[in-house]
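Top to bottom, those sequences are chains A and B. Numbering follows the working numbering, in which position 75 of the first sequence is assigned residue number 75; successive positions increment by one, without gaps. Numbering follows the working numbering, in which position 1 of the second sequence is assigned residue number 1; successive positions increment by one, without gaps.
Read the hints as simulated data drawn from the structure, not as lab findings. Any given hint might turn out to be false.
What the hints assert, rightly or not - Lysine to aspartate or glutamate pairs mimicking EDC-like chemistry, simulated, CA-CA at most 16 Å apart: (1) K47(B) with D75(B); (2) K130(B) with D116(B); (3) K163(B) with D116(B); (4) K81(B) with D116(B); (5) K228(A) with D116(B); (6) K36(A) with D75(B); (7) K130(B) with D112(B); (8) K47(B) with D31(A); (9) K151(B) with E120(B); (10) K163(B) with D112(B); (11) K37(A) with D8(B); (12) K228(A) with D38(B).
Here the structure is a predicted model, which means the values were calculated and not measured.
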Amino acid sequence: MTPNDLENLPWPVPSAPPPALSEAIRHNCTDHLTPKKPLDLRKRVLLSIGISGALFAVLLSIGWMRHPPEEAILMALVGAIAWGFIQACVLFVSHGRPPGLRGARWLRWMTALLIPAIFFTHLHVSSNAWLSFEQFLSVPHSLRSTVVCGIHAILFGTIASIVLFVLWRRTDPFSPRLTGALTGLAGGLVGAVALDMTCTRMEAWHLWLGHGVTLVALVAGGWFTGRKWLSP
Amino acid sequence: MLSYIAGDTSAFDLLYRRIAPQLNAYLLRLTRDRARADDLLQVTFTKLYRARGSYLVGAPLMPWVIAIARRSFLDERRSAKSRNEDLSVDGNLPEPPRVDEPPATDTSEAIDRALDSLPEAYREAIQLTKVVGLSLVEAAEVLETTPTAVKLRVHRGYTMLRKQLLHLQRPTV
Numbered sequence: 001m002t003p004n005d006l007e008n009l010p011w012p013v014p015s016a017p018p019p020a021l022s023e024a025i026r027h028n029c030t031d032h033l034t035p036k037k038p039l040d041l042r043k044r045v046l047l048s049i050g051i052s053g054a055l056f057a058v059l060l061s062i063g064w065m066r067h068p069p070e071e072a073i074l075m076a077l078v079g080a081i082a083w084g085f086i087q088a089c090v091l092f093v094s095h096g097r098p099p100g101l102r103g104a105r106w107l108r109w110m111t112a113l114l115i116p117a118i119f120f121t122h123l124h125v126s127s128n129a130w131l132s133f134e135q136f137l138s139v140p141h142s143l144r145s146t147v148v149c150g151i152h153a154i155l156f157g158t159i160a161s162i163v164l165f166v167l168w169r170r171t172d173p174f175s176p177r178l179t180g181a182l183t184g185l186a187g188g189l190v191g192a193v194a195l196d197m198t199c200t201r202m203e204a205w206h207l208w209l210g211h212g213v214t215l216v217a218l219v220a221g222g223w224f225t226g227r228k229w230l231s232p
Numbered sequence: 001m002l003s004y005i006a007g008d009t010s011a012f013d014l015l016y017r018r019i020a021p022q023l024n025a026y027l028l029r030l031t032r033d034r035a036r037a038d039d040l041l042q043v044t045f046t047k048l049y050r051a052r053g054s055y056l057v058g059a060p061l062m063p064w065v066i067a068i069a070r071r072s073f074l075d076e077r078r079s080a081k082s083r084n085e086d087l088s089v090d091g092n093l094p095e096p097p098r099v100d101e102p103p104a105t106d107t108s109e110a111i112d113r114a115l116d117s118l119p120e121a122y123r124e125a126i127q128l129t130k131v132v133g134l135s136l137v138e139a140a141e142v143l144e145t146t147p148t149a150v151k152l153r154v155h156r157g158y159t160m161l162r163k164q165l166l167h168l169q170r171p172t173v
């Protein structure tokens, strides 16, 4: 007997569930059945990008009201557009196709891991002071301002992530954790980038701990909550 | 599915006739327990009912439902484990009772028994691709792995199944 013979074997034919069970299920699933009008995929993606953009604009304007940008506003806007484009790409890669047809899992994994790494690189490049950790702690108020920035970034990112989670709730039974991590990433980018555009401190440790770590935290948070929120 | 989402009750009957037998067979193979499989079938359809407004048009329906069923099974197994329901006094999983089954009377029954004797990963891969009828890509999505891994599991399962079937056939020759 070869594997080819096995292909042609009479595999067990699935039988229908017991009638009593079928009747109970039918009652559960058809009593009080109300019509639903689900949003299609394209609308959900566009809505996700639109809401993220609107939240980002609100956060940016609030931040700039508190600390008006003195210079390099054009650079900041270019940066915001670039990160907005990256966020849209994350949403297209992770949510742009129906679940089950989302393609290579490794690509989504790479997105979830590489984008935070690129963001950290961006923070490192844009910082203008590189102190040792001891020196950083010895600067007055540095730890306090880092914690405040971190709380703001987490708060803004969490708000954006919750909106995205609600929008994509119960849509992915296949890989809810991975999709959750990418949703957290998309939401986290809104908070972290908005804060990055408005914060005036440019010290490397401050940027990594106050702005960057929040992104990693939200990716991890999305991974853990994805199963509960995104699985039907 | 779209008619069901729109509130058509008769569409549910058609949907049920199409997916329930495969789902039932899949859950029965996973649990190897009729009562648990029935419970999980009910849970799966309840989740399908609740999530009908979130179904994204274009998502392959059968793998979508099978993925819900599999996740329900894993959740149920995890919660049973945390309650130590299935554990014996020494904290280990008890061995299933050995039943001296009469020899299989036809090939289909022999395959059924041979499938049951396979390790879970191989059994599930063969069940999904051969009995439920999913493609390798669809089965890979459900099992959260790659199509190559599913192909490998099916192949290894086949090798073990062949040995099992030869072993089962021998007494009847």
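Hints, verified against the model:
no., hint, verdict
1, K47(B) with D75(B), "holds (13 Å)"
2, K130(B) with D116(B), "holds (14 Å)"
3, K163(B) with D116(B), "holds (14 Å)"
4, K81(B) with D116(B), "violated (22 Å)"
5, K228(A) with D116(B), "violated (31 Å)"
6, K36(A) with D75(B), "violated (27 Å)"
7, K130(B) with D112(B), "holds (12 Å)"
8, K47(B) with D31(A), "holds (15 Å)"
9, K151(B) with E120(B), "holds (15 Å)"
10, K163(B) with D112(B), "holds (14 Å)"
11, K37(A) with D8(B), "holds (13 Å)"
12, K228(A) with D38(B), "violated (23 Å)"
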